[in-house]
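> Chain by chain, the residues run as shown.
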Amino acid sequence: MRRIFQMLRELRRYPSAVGGLALIGLLVAISIYTIIAIPYPEAIRLWRGGPGVWDDNPRNAAPVWTDLFTADRLPRTIVVDNAQGGTKTVEPLPDGRKRIEFALRFDYAYDRFPSEIVLFAQAPAATETPMRTRYSVLWRFPNGQEYQVASSRSMRASESYYISQDLSLVQNLGATGEYALFTDPAMKAVPVKDRAPLKGEYTVVIRAEVPAEADFNAKLVVYGRIHGLAGTDHRRRDLTVALLWGTPLALVFGLVGAVGTTVITFVLSGIGTWFGRWVDTLFQRITQVNMVIPTLPVLIMIGQFYSRSLWLMLAVFMALSIFGGGMVTYRAMFLQAKEAPYIEAARAYGAKNMRIVFRYLLPRIIPVLLPAFVLTVPSFVFLEAGLAVLGLGDPILPTWGKVINDAQSQDALYKGYYYWVVEPALLLMITGFAFSMVGYALDRVFNPRLRTV
Amino acid sequence: MPGGNALRFLRYTVVRAVTQGLAVIVALYITILIVNMGGKLDDIRRSEIKLSVATAITTNPANADLPPSVIKQMIEERAQLEYRRLGLDRNFFVRSFEYLTTALSLSLGRAEYLFSDSGSREVRRIIAERLPSTLILFGTANLLIFFLTLWVGLALSRRYGTWIDRLVVSLAPTSAAPGWFYGIFLLLIFAAVLRVLPWGGMVSAPPPENPWLYAASVLLHMILPVTAMVMGSFFSGAYGRRTFFLIFSSEDYVDLAKAKGLSSRALQNRYILRPTLPTIITGFVLMVIGLWFGAIILETVFNWPGIGRLYYQATNTSDTPVVVGVMVVYGYLLAISVFLLDFIYGVVDPRVRVTGGTQRRL
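Residue numbers (my numbering), protein chains in the order written: chain V, 1 to 453; chain A, 454 to 815.
There could be a bad hint or two in this list.
As the list claims (entries may be wrong) - Quick list of simulated restraints, FRET-style, between CB atoms:
{"hint": "1", "chain 1": "V", "residue 1": "G49", "chain 2": "A", "residue 2": "N663", "range": "47 to 57 Å"}
{"hint": "2", "chain 1": "V", "residue 1": "G325", "chain 2": "A", "residue 2": "P664", "range": "33 to 43 Å"}
{"hint": "3", "chain 1": "V", "residue 1": "D56", "chain 2": "A", "residue 2": "F546", "range": "19 to 29 Å"}
Claimed, not checked - Partner residues aside, some chain V positions facing chain A, computed with beta carbon under 7 Å:
{"hint": "4", "residue": "V279"}
{"hint": "5", "residue": "L282"}
{"hint": "6", "residue": "I286"}
{"hint": "7", "residue": "T295"}
{"hint": "8", "residue": "M301"}
{"hint": "9", "residue": "F382"}
{"hint": "10", "residue": "L390"}
{"hint": "11", "residue": "M437"}
Hints were generated in silico from the structure; no laboratory data involved.
Nothing here was measured: the structure is a model prediction, and the numbers come from that model.
For glycine and all other residues, C-beta sits at the position ideal for the given N, C-alpha and C.
For reference, chain A alone in the conformation it holds in the complex (with noise of 0.2 Å):
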């Protein structure tokens, strides 16, 4: 019943986009009152404000002669304009609807002390500023990540057993640390040592005129970071995708095409890949969301002006719009990605069909 199909299609396309949509309103509300501390934060900064208000006024000259009640009550109007001017003079709970819904639409507001290297307060212009230098370094090192560890466990299933396979079965446990754990050898060994490779940041101070010139200085700083993250990463990786090939190679209709006389090649595409893609793309999209968020230890340790830097100073600095921005770009990528995944499921794999959502395997 094909017109049956097609509403039932239907239904549970609608389910899913509400229900990831409302996952992500309920997580960027729950980012906001933390980010706020239920509030709080607003009580400091209007404490902040008046502060430095009131050593505005007793400190000008002008004042001097006035009496105590009367600065008092000039303090007390300038504080409550300042309030206004921020928004500070209404309750918390109504601002914080404000914020889900500037967040939620996506005009990110303006930062309250970060600004962009441009000297902008957008918090879009400075995430769009710190954007490109994480996808960069993440982005080469996840996708070498990715298609060697798939190569790499793809030929090492087909070898199951020879020394090259125990060799990575036993580095596998080398994954237990961390890329940036790696990177603090790294840059001990390469940095310190040696003396051959920078200590971190992104270019060579001052940057390089000439654009070929630029992109070598940034290439040779991305050397350690991406060798850190793929040393933290290869092995275990490796071994997971040699194990889950192996165990697609061990079901029966591979066996029956092994006896049909196929080729090793066609018996790989045909009979190994094809029926693991839906979680090799699981796993694609999923790393392609992790990139956003960088590795903020890593980008820490080596000093990358990116996203996970930027989230970090906002934090540091309590700057509520822009751990918000960054939280929604965040949330919204994931949101989107595993909705789109249930598609690419039913595309890809005949054996997952599109229905109540009970046989959903992620």
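The following block holds chain V by itself, in its conformation from the complex (with noise of 0.2 Å):
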């Protein structure tokens, strides 16, 4: 054991090897960040999305810096309710109901178009009543003129109102709503690519006649393009969650897969050499059955027809490889030491069988193993994300596959969304770089046999 440590310390001479171990270091310090900041269940909840969980972010925003790289000002989301600011003005009308109208009021000072408009209304009422709600958008331009957007619109309870997907606006106004309600509406023949944004105050008036005992309350959204530290997803999720989650899921799925299957088939193949006939008999036709076994086509197979349940995936892919490649190699080297005069003075002595398995025979192996095993823990990793990109990855975890298949499936790179592929890539790229690095740089700490070359 102490050998191995004195050989660990040498590891300081290899840069790669400390670059390797800090970039795991900080890795382990994200997810430690990671599983505190965001509780699991929060992260299954958040990843999930559904109504109400993401609405303010923007579809397919780049991430915010972004905006260092463009000579233009992106536009950022801008959120108005009416809770903030402004007042509400409440008259009753002759038919018993009542007219609410406030005013929604926001600076545009960016330099290209959002992306989307919406507006959430809320009549929230005591009770169902039959009659419904109206009501009434109009958007005042900073330089005084003004468009009715909506004229006696008709809702119940609530509504989410997409304005730029009106298609009034594209037949008065020339564009779709993010492009026609933030350029001067005297632009109407200009074509929506040589339009640019009028910037300053805009005002957006809202009147609605609503029943007697409601209420009513609107939220307008100017979804911008920019947003957050790494983006949003076609499905308005903030991918920082899959990001940051993605570490531990990665660290886990390849630290236990690596280090379950590396173990158990060391220590498995040590006993089946060290016993011999049946035992050994019977790990190499195991081996040989499963050698004949594809992996990933199992997986595939797995997956499609029972469960995607990461956890699942890899205790089979672990079962798999337990006596695969792994047991042969191991083997051999079992068999030239079993026959080392240290071993046979130990039988000598009296040792038990486990006793010279696990102090002596094992002990033995070990500098092999350890680099081996280090290695190992990348193929787990980029194994995950494999199965993610072929849309077997499991459907409720936020892994940095899932990210890439998400993005895959959406085109991400066609239509040139390029952080969503890059991003959760380059993480996977460090994780795999980092255990890599360590790995041969282990191997050629342990590798006795080539310093002396």
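Quick one: dock chain against chain with the hints and give me the complex.
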């Protein structure tokens, strides 16, 4: 054991190993932070999304730091609702309803157009009424011009009015909402690509006629084109959640997989070689059968026919890897080690079988195991990603591979949402390289035959 | 005793062949059980058939006046007929062994949903149609990787400690990422940003009529996947070969030969390459087997119409015969190659004696 620690200390001489260990430390730190900041159930809830969770996020928005690389100021999301400032006037109408009126004000100072405009309207009533709420939306441009976006639009308890999808805007102003409502209405005939947004203070006046017992509130969201540290995906989810949670998941998957398979294979092959006879034969036969079963196809079958749970996949993959190539390699080494004189000596003084295996036989080969074990971690990390890219990722867990898969199925590269692919891919690469750098350095330290060359 | 040796050799051969054959059978049977979900897939199929039969009968206007009990009986009869046609009326246990025997006899049966481009339902034809595309892509890439790493590894082992050696060693960790992963980056750079190379597929659509142009188009589509595969394994491969050759060139007999004053080329060919041949051949054979399955993920990323993609489509549609068919081909190839490897060892490496098998090195 002391010898191993001595060798590990030697790792300090390898800059790549030091760098790799630093990266692994960083990843572990991120994982700990993530698990504390976003507890597991919360992460799953956020990743599942659903109504109300990500409503205020823009769709497919690039990360905010892309702003640094463009000359223009990119629009961020603006959320205004009548709860923040502004006065709300209420006046009763002769037919028993009442009229509620208020204005939503916001400043627009960006050089590009927003990505979407949505008005979330709510008319909560104490009881269900057969009467409908009707409301109108008046858009006032910074230059004082006005445009009636909607008049007497009817709704019940709540509504999401996708203003940018309203076709009447295309008809009247020559462009979809997000362009039409941010340029001078006089530019009607100008094609969208030649327009520039009109900067200044916009006012959206909302007038609603509601049943007497109801209230009326509205929230206007002018979705930007950049959001958060990592951007958002097609379901408005903040990618930061997935990128953060992908870290502990990748580390756990990689480490459990690598430790599990390497150690079990190692111990089993040691036992098999030591006891020989039927134990050895049995292990050899299992290995022989197992080598004919291709692993990835079996995983695909499991994913397709049974379950896509990440942990089931891990278990199956481990089960299939235990009796694999490692069994054959280790066996050859153990066969050699078995004949060593010191084992002969141990047997002579009457050591028990298991004692010989665990105290003498296995430790002798550990130096070979260590690099192999570290080098196995990346393959597990990329296995998870690969399964996810095939669409066999765990449906509820936010992993890096899942993000890449989403991006691929939404043609992110084709549409130019590069951040969506690059961010998880870089993290995968960092994780893979970190372990691999340490592994190769270990290989050089623990491969004594090479150092004499 | 040559006679005794021959007998032992024969016994060894038979034992190896039988165990390898048993391994294939067991592996295939496990595959069949998994693909059929232990028989559950049959239940799903039966209920699917019943549903389609029921809708066909109840929506038929000719049956509108019939009483419900008659309709129910009609559905039942028609469904039973359909079960019998597809063999679903028999016990799954019996069916699983039928699957196994059809699979082992290599008459791979007929696909349930998939069909070949020429419209055939025969699994054999479907596989044969996809095989060339996998072979051309993975053959090119793997041969390139194999010979490149062999050559570079040998060259580096003779330049141990030089800057180029240190460069390759320090780049070895790049192979932690598999080929498909680099594929995504290559697509990002060359297809998305620069728009100079195709996004995937094997030929441009529509395929050119002229065979030369067709070949050129295939070559163009191969650039990115082949590069991705090379990136995914070149450096660690070269590193591995270099270390391997270094270990072998530190053997005593190499030192002896060096002391005898042999030229470095002769030294390399006779004293380093020769004893390492078994391992190199193993690597080559295993690589050739690996070819067949291609890399399912790489074919998915590049939308390459090969065996891996076929396999994936087959699992997606639960097309049992096709899944089993692909696995059969793979199982046989692997078993035969492992079996053959033992003999190649005996031929090229005099140190490995063909005896009880305890001396096997793989």
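> Output the indices of the hints that this structure fails to meet, ascending.
The structure conflicts with hints 3, 4, 5, 6 and 7, although it agrees with all the remaining ones.
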